[in-house]
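> Here the protein sequences come in this chain order: A and B.
The first sequence: position 352 = 392 (the working numbering), numbered continuously.
The second sequence: position 54 = 94 (the working numbering), numbered continuously.
Treat the hints with care, as some may be off.
What the hints assert, rightly or not - Taking lysine-lysine pairs in the DSS-like style, the calculated list, with each CA pair at most 25 Å apart, reads:
| no. | chain 1 | residue 1 | chain 2 | residue 2 |
| --- | --- | --- | --- | --- |
| 1 | B | Lys298 | A | Lys372 |
| 2 | A | Lys378 | B | Lys299 |
| 3 | A | Lys288 | A | Lys228 |
| 4 | B | Lys306 | B | Lys347 |
| 5 | B | Lys306 | A | Lys378 |
| 6 | B | Lys372 | A | Lys306 |
| 7 | B | Lys298 | B | Lys288 |
| 8 | A | Lys299 | B | Lys378 |
| 9 | A | Lys378 | B | Lys378 |
| 10 | B | Lys298 | B | Lys284 |
Just so you know, the hints here were simulated from the structure itself, not pulled from any lab data.
Number of protein chains: 2
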Amino acid sequence: MPHEDPINPEGGVEWLRADGPQTDVVMSSRIRLARNLESFPFLTKATPDERQRIVAIAREQTLAAALADQMIWVDLRETPKLERNLLVERHLISKQHAKGDAPRAVAVSSPDERLAIMVNEEDHLRIQVMRSGLDLQEVFQQISEVDDKLEKRMDFAFSSRFGFLTACPTNVGTGIRVSVMLHLPGLKLSGELEKVRRAAKSMSLAVRGFYGEGSDAVGDFYQLSNQTTLGKTEEQILEEFEGKMLPKVIDYERHARKKLLAERRKLIEDRVHRALGTLRHARLLAANESLQLLGYLRLGVAAGLIKDVPLQTVNRLILLTQPAHLQRALQKELDQAKRRVERADLVRAQLAG
Amino acid sequence: MPHEDPINPEGGVEWLRADGPQTDVVMSSRIRLARNLESFPFLTKATPDERQRIVAIAREQTLAAALADQMIWVDLRETPKLERNLLVERHLISKQHAKGDAPRAVAVSSPDERLAIMVNEEDHLRIQVMRSGLDLQEVFQQISEVDDKLEKRMDFAFSSRFGFLTACPTNVGTGIRVSVMLHLPGLKLSGELEKVRRAAKSMSLAVRGFYGEGSDAVGDFYQLSNQTTLGKTEEQILEEFEGKMLPKVIDYERHARKKLLAERRKLIEDRVHRALGTLRHARLLAANESLQLLGYLRLGVAAGLIKDVPLQTVNRLILLTQPAHLQRALQKELDQAKRRVERADLVRAQLAG
Chain A
41 MPHEDPINPE
51 GGVEWLRADG
61 PQTDVVMSSR
71 IRLARNLESF
81 PFLTKATPDE
91 RQRIVAIARE
101 QTLAAALADQ
111 MIWVDLRETP
121 KLERNLLVER
131 HLISKQHAKG
141 DAPRAVAVSS
151 PDERLAIMVN
161 EEDHLRIQVM
171 RSGLDLQEVF
181 QQISEVDDKL
191 EKRMDFAFSS
201 RFGFLTACPT
211 NVGTGIRVSV
221 MLHLPGLKLS
231 GELEKVRRAA
241 KSMSLAVRGF
251 YGEGSDAVGD
261 FYQLSNQTTL
271 GKTEEQILEE
281 FEGKMLPKVI
291 DYERHARKKL
301 LAERRKLIED
311 RVHRALGTLR
321 HARLLAANES
331 LQLLGYLRLG
341 VAAGLIKDVP
351 LQTVNRLILL
361 TQPAHLQRAL
371 QKELDQAKRR
381 VERADLVRAQ
391 LAG
Chain B
41 MPHEDPINPE
51 GGVEWLRADG
61 PQTDVVMSSR
71 IRLARNLESF
81 PFLTKATPDE
91 RQRIVAIARE
101 QTLAAALADQ
111 MIWVDLRETP
121 KLERNLLVER
131 HLISKQHAKG
141 DAPRAVAVSS
151 PDERLAIMVN
161 EEDHLRIQVM
171 RSGLDLQEVF
181 QQISEVDDKL
191 EKRMDFAFSS
201 RFGFLTACPT
211 NVGTGIRVSV
221 MLHLPGLKLS
231 GELEKVRRAA
241 KSMSLAVRGF
251 YGEGSDAVGD
261 FYQLSNQTTL
271 GKTEEQILEE
281 FEGKMLPKVI
291 DYERHARKKL
301 LAERRKLIED
311 RVHRALGTLR
321 HARLLAANES
331 LQLLGYLRLG
341 VAAGLIKDVP
351 LQTVNRLILL
361 TQPAHLQRAL
371 QKELDQAKRR
381 VERADLVRAQ
391 LAG
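Same shape as in the complex, but just chain A:
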């Protein structure tokens, strides 16, 4: 199947729709499962031919399993770099999955893009379900159904002692990774973020930037996720994550915002409105600055300081201002200088007062 615009870059992804619970602090919820086919070695040891066969099996089974109304199959070897980067920006594949030329693919539910199954990333299959706001229970329910359907069609490597076997030991067991994308400008501005980082670390949670491992926390967006999956049930992991740490972080952030608005209101108003002013007037916008300004704008909208911009528009711009999306919208490759011009034009048009 040739690659035929599987993803509509104009369409918003579900996880950025800005609805769902607690969306003032929680951008999105995600659960990922790592699964490996029993009859093949882990990818570190698989031959190109074996990799190719894994892709073929995964394609046949995921497309036949009725996992969603429509599943789109993207063979990443046949996909141009720009399109692969588009998938990274939509959080449908990882940065490392976009690279290299080994046989690999991703299956995506369309048009909502809530479900994505990376084939031959670090494990044979990495199944992820995302949604906007905080609702890990619903996400868990959906991914469990997907997992059940796939298990009926494929034999996954499983040890009665350890659970699911995975390429990386931290995923062994349930193979589950639970994560949320948080927006923490209050904690950042009040200087309390380090406290939260330390608390997260002590509970074996990882704090990462907007694009996961190794990426910076531009715009005060942070991914919070569990670190280990061994020796606990999926329900326990979910309960610990959603029941213990997360409500605290959300409370801390809301408290920090409230305090800032009570004690340094003018400063926050200034920051937020200046961000809107710059976004509405700039003629050149770098990606990082744009994300930072959109972060402040998001704070302003969530706090009710800015009333004429919907939260959804802010979230949508966070995606559409990314390099691959910009270039895709304009149907051409652009160097960094031209992207800055186009990014500013796009933002101005979308935020026109």
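Dock chain B against the given chain A, drawing on the hints supplied.
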């Protein structure tokens, strides 16, 4: 005569009206004459009583001389500090004339404020005439008429060998100081300003900031003035100033702007529109930042990049955002933090899109 709101702080001063020739680069033209009464010692040696008598004579004669439709007399000893600062911001008195408690005054033509006569600043009389844009000939004609009228009523210290005698030797001779307020963002942005500074110095011209001696060139506004007045006629000084150096500086600045707009257009557009965006959205504005942003805005308006803001509005804001004007408009003294809030509110209201 008690002090009764002689100056209308809501009214624009003539020199900021943004009309007149070459107003894209030249904000205003000013000529100042230094005169001393023959029958009194210079102020460095005058007693308080003598100073008081100088004020009395100056008041009587300037008010009787029919120098303008209406002359307002401001006794600076009876004028509160805030009002004196207002006069400094309107360039009607110098910073040092606002200070101290010696007998001193200023006479101002109303409502245009083109003519101001400082009494007991460094000399007994310092007569100044200002106007918007570049028209030193007209300014010279007006100040000559004022000088003639005053000479008929008072004997000025004069030496047939040296000319008019003044407290500071650099003013001896004609006692004339010619100056223009220039807006040089093009030379600043292109890094050519130092060249102009050196050229000016080699021609015995002084380059100063927005508030004269010792003030910074915030917003890329510079005062250019002649340094010596001895051994030349007024006409020679004027001719040298207006005929030689000034056209060159104006040309350099226009050339720099043209080049920037040709070669780095997006960068300039970005700078200018960001300034407008910040001015239209900020909730806190410091005086210096505000002047800098208004400077960029002025460049944008002059270059035709911004069409919905009149140059006059920009000039007016340059004045109204100064601390004393802000406080006067609000009828109360404000600390710096409150001034930042009020300044931002004022600017936003005046620049509402």
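> Indicate, hint by hint, whether the structure satisfies it.
Structure-based check of all given hints:
1. Lys298(B) with Lys372(A): Violated, at roughly 31 Å.
2. Lys378(A) with Lys299(B): Given pair Lys378(A), Lys299(B) holds - Cα atoms ~20 Å apart, limit 25 Å.
3. Lys288(A) with Lys228(A): holds, 16 Å
4. Lys306(B) with Lys347(B): holds, 17 Å
5. Lys306(B) with Lys378(A): holds, 10 Å
6. Lys372(B) with Lys306(A): holds, 20 Å
7. Lys298(B) with Lys288(B): holds, 15 Å
8. Lys299(A) with Lys378(B): Judged against 25 Å, a Cα distance of about 20 Å means the pair holds.
9. Lys378(A) with Lys378(B): Violated, at about 41 Å.
10. Lys298(B) with Lys284(B): Distance of about 22 Å is within 25 Å: holds.
Checked against the numbered hints listed earlier, the structure breaks hints 1, 9; every other hint is satisfied.
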